[in-house]
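> Keeping their order, the protein sequence lines are chains G and V.
Going by my numbering, the first sequence opens with residue 470, and the numbers climb by one from there.
Going by my numbering, the second sequence opens with residue 943, and the numbers climb by one from there.
Careful, some of the hints might be misleading.
[Unchecked claim] Cross-link-like lysine-lysine pairs, in silico, DSSO-like; alpha carbons within 30 Å at most:
hint, chain 1, residue 1, chain 2, residue 2
1, G, K499, V, K1489
2, G, K499, V, K1142
3, G, K499, V, K1532
4, V, K1142, G, K519
5, G, K519, V, K1477
6, V, K1477, V, K1257
7, G, K499, V, K1257
8, G, K519, V, K1532
[Stated by the list, open to error] Derived Cβ-Cβ restraints for the label pairs, each shown as a range:
hint, chain 1, residue 1, chain 2, residue 2, range
9, G, R479, V, V983, 43 to 53 Å
10, V, T1345, G, S506, 35 to 45 Å
11, V, E1487, G, W493, 12 to 22 Å
12, V, K1212, G, S506, 44 to 54 Å
None of these hints come from the bench; they were simulated from the model.
Bear in mind the structure is a predicted one, so any value in this text is a computation, not a measurement.
We treat Cβ as the ideally placed atom computed from N, Cα and C, and that holds for glycine.
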Amino acid sequence: MSDAKTKGPRIPCRYKCLRCGLVWEGSYVKGVMEELSCPSCASNSQRRLKEKKPPAEKE
Amino acid sequence: MADVARHPRIELHTLATVEAASGSVGNFKVKIRQKPRYVDVDACTACGDCAKVCPVLLPNEFEAGLMTKRAIHQLFPQAVPAAYVIDMDHCLGTNPIACGKCAEACGVHCIDYDDQEKVFEVEVGTIIVATGQDVMDPTPFEEYGYTRYENVLTSLEFERLISPLGPTLGHLIKLSDRTLPKTVAFIQCVGSRCDDGRGKPYCSNICCMNTIKDSLLIRDHWPDVEVKIFYIDIRAFGKGFEDMYKRSKAAGAKYIRGIPGEVMEDPETKELILHVENGDTGRLEEHRAEMVILSVGMEAPADMRKLQTILNLQKTPDGFYLEAHPKLLPVDAATKGVFFAGTAEGPKDVKDSVTQASAAAARALRLMAEGKVHIPAITSTIDEDLCKFCEVCAKACPYGAITVDRKTKKPAVVAEAACAGCGTCGAECATGAITMKHFTDEQIIAQVDAMLADRPEEKIVVFACNWCSYAGGDFAGVSRLQYPPTMRLVRTMCSGRVDKKFVLHAFAKGAPVVLVSGCHYVDCHYIDANRWTQKRVERLWDQLERKGIRPERLQLEWISSAEGAKFQTVMEAIEKIRRTVTPEEIEHTKKVLEKNLLEVPILV
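Please model the entire structure based on the sequences and the hints provided.
Shown next, in the form of structure tokens:
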């Protein structure tokens, strides 16, 4: 959307398609909703994968 | 414009900006901030005696910087009101008065150095937004040498240069030596139809015809001047425009298909050299011109964002305001009682601007003349006893129709005249305080119950918005496109109305898959209510996953009313997902939801 350019930088992320299961590299702008389509099946059901942080090592 | 100034029922507030607006159609309250003019408009006769003695010289923006103005000036000769104004940022000073020559020269004593900024409120029934446009800046296009070469001008500068009231009184001259150029070259699409980030991707609509008009003017007034026009394609699609294009060619203007890659200047002769690949011949050519005009496009003014927030307007990715419907409501904003005129809505020429302004005035008059507004039956109502003043509904309402005061614990109030009936507030309200007339929770739940009463494992519950997805399904039907018979459609006015409890209720009743479907992002008929749909579905995916329910069973799709084929494709794909859902999975889901493990109230 038009706001995307003004609200901040694009943050790299990974998306997963909830129809065909494709995972791909993409990006998003914090606070801005964008319409997405799966590059494989054109579905609009995408989840942005939250990267899990590695557990803190115990001393 | 003079007629407007004289009209007894039109109030002009010049030098003014809108600070805030509240209320709804028929009862807007608009807060206006008006800058001081330092000149009494009623007393000023626009004689110009003040400007003659003013010692401060400034660039004249109206003349594209080709002329100067004084610190006390009239914006342009036909300005309304016909009165002077002082640019106090550049005036030598009034406290203490360091100059005061204008006040001494004024015969009618209309200059008031103590004039103050005014903030006032007006009550209006309708609002017409006519914010105009900005001209694109050609400086990022370094290859054309706009900042390096004197004889490279923009089309607006050229317009002022050849104006009878302009800096040369209409004489065409080169700025380098003030002589008549032998050849004038126009480069089209500077800043328009540009995808590399330096300009705008859209066509600015007016530039081709402006250049054609200029070419005719040059050939008519100065027949010895050669005109070359470098273009991608000429877009002469208006009434009489093709004829004008042909006349330009017949008058001797040379049209060369190709945009020069570079403009260079011969340092001695100041002649400009253009290198271009001619699209018609496929050859690299070198052309020479003594003057190059960059046909710059239009862009939305930078401050449109502020008014967008104040009036709850919607913008296109191009930055212009979005109309409520491109065909049926082309001058209406999504906010009721607000209309667009001119380039606020998109690039257009004078004729189209006047046409649209007339239409906007007529639309506004229709409301004003009637004196009352017909409110649609589908609006939200609040149960004050259930409202917890959380303000979520007020944030979710795309129209700003809901007011809540958390501090004073004043329950939500819906301005029904402003409510468009999308139902997003009802879906977001966690306490069930909001009822959407004709699309109540009970009505929708009852539909889901009826759909899933018999063999629910064979059914797919589809929540489809009235304007796009449901119509897309309709279109698929009338187009005889076959899709699986397992679909069961629940119509809501907007996908924003789809409460998460509807989705969970469908799963609790044994639905293997649920689809939430709405308009594409820019097409949402309720400004941007479908963004709330997406947020809600994303939250639901997380909740479902946490409880061991496959998120794939909840699908989200944006389908427009014209996408019957997409509707068919989506339904076929979802049917495949349905077949992967096992009876054990459905039973597990039912158990999870029966135990109410999800933190959502479920109507049973």
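> Now tell me if each hint is right for this structure.
Comparing the hints with the structure gives:
1. K499/G <-> K1489/V: 27 Å, holds
2. K499/G <-> K1142/V: 24 Å, holds
3. K499/G <-> K1532/V: It is violated: about 36 Å lies between the C-alpha atoms, which goes past 30 Å.
4. K1142/V <-> K519/G: With Cα atoms ~34 Å apart, K1142/V and K519/G exceed 30 Å; violated.
5. K519/G <-> K1477/V: With Cα atoms ~15 Å apart, K519/G and K1477/V stay inside 30 Å; holds.
6. K1477/V <-> K1257/V: Status holds; Cα separation ~20 Å.
7. K499/G <-> K1257/V: 19 Å, holds
8. K519/G <-> K1532/V: 28 Å, holds
9. R479/G <-> V983/V: 43 to 53 Å: 49 Å, holds
10. T1345/V <-> S506/G: 35 to 45 Å: The hint (35 to 45 Å, Cβ to Cβ) holds, given that T1345/V and S506/G are roughly 37 Å apart.
11. E1487/V <-> W493/G: 12 to 22 Å: Once the Cβ atoms are compared, 19 Å apart, the range 12 to 22 Å for W493/G and E1487/V holds.
12. K1212/V <-> S506/G: 44 to 54 Å: For K1212/V and S506/G the Cβ distance comes to about 52 Å; the hint holds.
In summary, the numbered hints that this structure violates are 3, 4.
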